[in-house]
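Produce the entire structure from the sequences given, and follow the hints as far as they go.
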Amino acid sequence: MRINKLEDVEKIKVDTGRLFFSAQHDEIKMGLTTDIYFIKTLEVLRYLKKEDAVVKAEIFARRDGIFCGLPEVLNLLKDIDCKVYSLEEGESFSAKEVVMRIEGKYTEFGIFETPILGILASSSAWATAAHECKQAAGDKPILCFGARHIHPSVAPVMERAAKVGGADGVSCILAAKILGISPSGTIPHAAILIAGATEEVAIAYDKVIPEDSPRIILVDTFKDEAQEALDIARILKERLHGIRLDTPGERGGVTPELVYEVRKRLDLEGFSHVKIFVSGGLYPEKIKALSEAGADAFGVGSYISSAPPIDMTMDIKEVDGKPVAKRGRIPGVTINTRLKRVK
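Once you know that position 64 of the sequence shown is 50 in my numbering, the rest is easy, because the numbers rise by one and skip nothing.
Because the hints were derived from the structure by calculation, they are not lab data.
There may be inaccurate statements among the hints.
Derived pair list, reagent style EDC-like, types lysine to aspartate or glutamate, alpha-carbon separation capped at 16 Å [stated by the list, open to error]: (1) K261 x E247; (2) K261 x E224; (3) K64 x E94; (4) K15 x D(-6); (5) K329 x E89; (6) K329 x D67; (7) K126 x E271; (8) K274 x D125.
Label pairs and their in silico Cβ distance ranges [said to hold, decoys possible]: (9) K329 x G307: 18 to 24 Å; (10) L60 x V319: 16 to 22 Å; (11) P317 x K(-1): 38 to 44 Å; (12) I66 x I189: 24 to 30 Å; (13) R251 x D297: 45 to 51 Å; (14) G238 x E13: 35 to 41 Å.
Built from N, CA and C at the ideal position, the CB exists for glycine as well.
Below, the structure is given as structure tokens:
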């Protein structure tokens, strides 16, 4: 059932003691995450006998970015009689460019304007941030570690968007399953703090973790990073794929100088095969600097997860074949040859 009257809204009963406050799939499909003024609009249009008006509505972005969120929008509109033209996921767009056009009876799809814009705004922002990081890293891999910085109900959405934007892997289990890939990650400081020694954890990790998982050990918990990296390399030798640097800000964070020193000390002792993985407070400029210093891979969290949504706006540009627009906009369909029919 889809709500389309104010009476429907009044009848909806929601358990205020629900386990999580996030919207469930059927609630989104019902229209419960829309703004109430769209329901009021339907009431007015029916009174005016305009409920059969066929419109062409365009969605444009307020700033440049990478387009993401299309599958969810199509799932939302799956049972609605309308046509959808859109950019493809992963394509870049510029400010004010039309990224999607929906054609059909407004009373059929109008109540979904709120979730459609929300899906595209957030997903495109996360994809764009990941794209910026990947550009800074070049051929070196970046992994999305942003799930801890965002509500769990949307963590898989965020990490999927990061993959669309260019991330090489994700850490969230559900996101990885949705993407059909294996989740990426090593171990947190907690494991080493509980065990009491990085060396013990490294040996145990090598014994219990499946062979197809690279041996990457965190080396900044108890000792100097360069010293701990060498200690672990001497223990695991050729089995050590890499070390991870995640030095906290209280200790100055991971700097290019630190990466350079660790790289040189590993090389001097014959451990040039050991890769340097860096995480913690990374952003494009820092990724580029650390890469130049010798870092081989990057785990990016909050830069992706906290990316501000890219504002999306939906404008009706045609009603029953007649070009229209509110003041400040040009009436009629905006030509964008990059849009393709997707529904």
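For each hint, the structure was consulted:
For the suggested pair K261 and E247, the alpha carbons sit about 13 Å apart, so the restraint of at most 16 Å is met. Between the alpha carbons of K261 and E224 the distance comes to roughly 11 Å, so the proposed pair stays at or under 16 Å and holds. Taking the CA atoms of K64 and E94, the gap is near 11 Å; set against the 16 Å cutoff, the hint holds. Distance hint between K15 and D(-6) is fulfilled; the C-alpha atoms sit about 14 Å from each other, no more than 16 Å.
Taken as a hint, the K329 and E89 pair is honoured in the structure, with Cα atoms around 10 Å apart against an allowance of 16 Å. With a C-alpha separation of about 9 Å, the suggested pair K329 and D67 falls inside the 16 Å cut-off, and the hint holds. Distance hint between K126 and E271 is fulfilled; the C-alpha atoms sit about 15 Å from each other, no more than 16 Å. Under the criterion of a C-alpha separation no larger than 16 Å, the hint pairing K274 with D125 is consistent with the structure, at around 11 Å.
As the Cβ distance of K329 to G307 is approximately 21 Å, the hint placing it in 18 to 24 Å holds. Checked against the given bound of 16 to 22 Å, the beta carbons of L60 and V319, roughly 21 Å apart, stay inside it. As the Cβ distance of P317 to K(-1) is approximately 43 Å, the hint placing it in 38 to 44 Å holds. In this structure the hint that I66 and I189 lie 24 to 30 Å apart at CB is violated, the actual value being about 58 Å.
Judged by the Cβ atoms, the range 45 to 51 Å given for R251 and D297 holds: they are separated by roughly 48 Å. For the hinted restraint 35 to 41 Å between G238 and E13, the CB-CB distance of approximately 46 Å leaves it violated.
Checked against the numbered hints above, the structure violates hints 12, 14; every other hint is satisfied.
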